[in-house]
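Visitor: Each chain, letter by letter, is given below.
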Amino acid sequence: TQLLEQSPQFLSIQEGENLTVYCNSSSVFSSLQWYRQEPGEGPVLLVTVVTGGEVKKLKRLTFQFGDARKDSSLHITAAQPGDTGLYLCAGGVSDYKLSFGAGTTVTVRA
Amino acid sequence: SQTIHQWPATLVQPVGSPLSLECTVEGTSNPNLYWYRQAAGRGLQLLFYSVGIGQISSEVPQNLSASRPQDRQFILSSKKLLLSDSGFYLCASAGGADTQYFGPGTRLTVL
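As they're listed, the protein sequences go chains P and E. Heads up, the working numbering is the position in the first sequence plus 5, with the first residue counted as 1. Heads up, the working numbering is the position in the second sequence plus 2, with the first residue counted as 1.
Hints are computed from structural coordinates only; laboratory data are not their basis. Fair warning: there could be bad hints in the mix.
Unchecked claim - To give an idea of the interface, some chain E residues facing chain P are shown, with a C-beta separation under 8 angstroms as derived from the structure:
{"no.": "1", "residue": "Val-53"}
{"no.": "2", "residue": "Leu-92"}
{"no.": "3", "residue": "Gly-105"}
Quick caveat, the model's predicted, so the values are computed rather than measured. We treat Cβ as the ideally placed atom computed from N, Cα and C, and that holds for glycine.
From just these sequences and the hints, can you work out the full model?
Guide: The structure is reproduced here in C-alpha cells:
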C-alpha cells in the first residue's frame, strides 16, 4: 500500500497549456519533495516543502504543501516540451526513509 | 553538492548468473545510502538502506543483498538472478531535510 497517491497517472497536453499534478495522503509528513525523471535517468530533485501552506515557485513551476501537511500539488504554467517527464512526489516517513508516489507521466506536445 | 556514480549503466544477464552493481558518492561523508528498484514509468521501491559502513537494512525480502564496504561505496548483489530481478536500479544518497540525490541508474535485463 502506497502512502502517497498521485493523480493523474498520465497527462498529455499541448505546448502552452497549464497543468496540475496532485499528491495526496492520509498521513502527515514533515516534508515533501517533488522530483522529475526523464527516461533512462535518475530522478532530479525539484523542490522540498516543509511548512504547511507553503508555496514555492521555480520559474513556471508552482509547488504547494497542504495546510495539514498531507498533500501537495505541482502546477506548471505555459508548459513546454522540455517539461515532459515522470513527476514523483515523496514524503519523509522516518529519519532515514522516503515514501514515493507512483508518479505522473507528463507529455507536452509541441 | 553531491555526485552519485553508478555502473554499469546497462547490463544483460542470464537467469542464474551473479550480479554486482556498484554505487559511489562524491561530495559528502558518512551519507545514508539507498538502493531502489523502479518498474517502467512508475514509482520507486526501496530495497536497502545503510546509515554507515557495514550497516544494512533490508526493506523487501528477495533475491538480492547489499553491502557497504566503504563510507561512500554501496554495492547491490545477487548470487543467482531471477527473471523478476529485471528493472531499473537506482542508488541515492541523503541530503538535508529528507531530500535524496540519485545516480543515473542501471538498467538490468535478465534473460
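Visitor: With reference to the structure, classify each hint as holding or not holding.
Guide: Hint-by-hint comparison with the structure:
1. Val-53: Holds: closest Cβ of chain P sits about 6 angstroms from E/Val-53, inside 8 angstroms.
2. Leu-92: holds (5 angstroms)
3. Gly-105: Holds. Min distance 5 angstroms.
Taken one by one, the earlier hints all hold for this structure without exception.
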